[in-house]
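Peer 1: Here are the chains, one letter per residue:
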Amino acid sequence: MINRERYKATDLPALVKADRVHRDLFVDPAVFDIEMEQIYHRTWVYVGHESEIRNPGDFKTTTIGTEPVILSRDQKGQLHVMVNACRHRGVTLCHQDKGNSKFFVCAYHGWVFDGTGSLVNVPEVAGQPPQFSTDDFGLIKTPQVESYRGFVFASFNVDVPPLVDHLGEAAQFIDMFADLSPSGSVDLSSGVTRYQYTGNWKQQVENSMDGYHPAITHHSFFEDVLMDRIGKSMAFIVSGDSPAKSVALGNGHSLIDFRDFDRKAILGADKPKSELDWHAGVRANLTDQEYAEEVIRVNGGDGFNLLVYPNLVLINNQVRVIHPVTFDHTEVFAYPALLENVADEINVARVRAHEDFYGPASFGAPDDIEMFKRQWHGLSRSPSMQWLLYDRGSHREQQEGPVRSSHVSDETAHRGIWRRWRELISAQERT
Amino acid sequence: MNSMTKQQVEEFLYQEAKLLDERRYPEWVDLFTEDAIYWVPAGDEQSPNDSVALIYDNQQRLKERLIRMKSSRFWPAQPPTQTCRIVGNVMLVAQEGDEIEVECRLIMTLQRGDDRNQLSGVCRYRLRLVGESFLIANKTVRLIERDQPFDNLTFLI
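These protein sequence lines are chains A and B, in that order. Under my numbering, think of the first position of the first sequence as 304, with each following residue one higher. Under my numbering, think of the first position of the second sequence as 122, with each following residue one higher.
Keep in mind the hints are simulated off the structure, nothing from the lab. Any given hint could be a false lead.
Said to hold, decoys possible - Capping the alpha-carbon separation at 30 Å, the derived lysine-lysine pairs in BS3-like fashion look like this:
1) A:K320 / A:K379
2) A:K405 / A:K444
3) B:K139 / B:K127
4) A:K379 / A:K444
5) B:K127 / A:K676
6) B:K184 / B:K139
7) B:K191 / A:K535
8) B:K184 / A:K535
9) A:K379 / A:K405
10) A:K676 / B:K191
11) A:K401 / A:K379
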């Protein structure tokens, strides 16, 4: 049965069951519009990293959902997130990906805005009526902008909880990712690889937390290439009695956690289970360079894939940002995360590792993109295929406080993502 | 540079394009020297160490691409992307010892299932004269689409 009615937000929670989700939540354009309002305009959304806008006047352009925004650092060093549209007639102000400028000048009638979003000049201002005040027509800004360990988040919702409360259990993993760098902050200045697919943004969200697919989807890398490169398949890290976990951290944030692996078996190194204690202990006795080498030797990256719902993924040495474009079109930007205060060779190796698996010509991402396209091809054309299954591992899930976990190949993370989706979609507008 | 050399270079580039269009990848990899670099930048950077690339392959990685392409589970090439490329505007830029720097333009049409695309760019080669023919010591392709999002670049450019 094809549903030809446009949905209202109140219709949607019923389409998320404990063990299944209705296809319309992916393929219906009305659902996408509701998501942009209820999720991307309501909660915190990642907009960029401070290393991309280090200096006064630096800016980058990005999106919050489908809405184009400018992230800028003003002359006093404060961060601002403003809608990239002139307040006069809505013309896009800034076409560059990033740059440095004191002002944003509209190319149509010449209205000038500064790095805080204030309207500072209107040509031929005598023609504006007497009640006109530039104070009333600064750029539209998100009322909330906060940074955590260099990761900048913004929210259009004035009543959104503080960022640290939103991050909750995810914050400690952002700490670990940032602590890979001796300075305590990673650096995203080494460029970006971009890919796109015909399909819905939630496919990439789910895939980023999917520990069930690698041995199959990435068979040609995990089995065939790695057999040649290192003499063994890596499929065992997600199959059989792997100690790796699929984890729902709360608020939709989730984790594929490889930290319990016997690192001696994989990397010829060992370390205690408490990651933070390990970082502190190792750092105390080593130079920055030695510390970085030790971290990489033991971790081979960060030891986990973290989703900060809805649009940020930290995965090995990569920062992945998901941009919904339309209900059936998604763009994904991937930035190598460099370390600060280390030898150049380490960062060159991190860039090369990114190219190995995460770019559109790499040995990993194209496999995932192919699955997104095949999933979209099947799902969008098959109204009789009504429900997608999300119950794998529900019989062996453990709960500790707000955190639920299970075998890495289970769908515990996905169930957490959909619980959060339902919660955000159901929330009523506060007055 | 004499005209014979330019004709030899053009013939070599056409043969290379033919191998790629016909997906004769092992023969194509054999065109590269042991110390070769195959680079497709993602931006305007002049050094591959400054910025992440779309492709930055040495011989080992080129050989790994062959392994992946041979795999029965190389999904992004099922079906394969068909390509048809025109190589033109060939210019000999410099010659040093047994190596020649060459620049040319590339326009290629891609067809995968019902999905049609086009890629264009500037190719820069460093060719090493070996016997009567050349090997590729460096191939750098700066696509005009390099800062756009791609969906599949697993075929080679």
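Peer 1: Taking the hints in turn, state whether each one holds.
Peer 2: Status of the hints after comparison with the structure:
1. A:K320 / A:K379: violated (49 Å)
2. A:K405 / A:K444: holds (17 Å)
3. B:K139 / B:K127: Cα-Cα ~18 Å, so holds.
4. A:K379 / A:K444: holds (17 Å)
5. B:K127 / A:K676: violated (44 Å)
6. B:K184 / B:K139: With a Cα-Cα distance of about 19 Å, the restraint between K184 of chain B and K139 of chain B holds, given a limit of 30 Å.
7. B:K191 / A:K535: holds (18 Å)
8. B:K184 / A:K535: holds (17 Å)
9. A:K379 / A:K405: holds (11 Å)
10. A:K676 / B:K191: holds (22 Å)
11. A:K401 / A:K379: holds (19 Å)
In terms of the numbered hints stated before, the structure departs from hints 1, 5, listed from lowest to highest.
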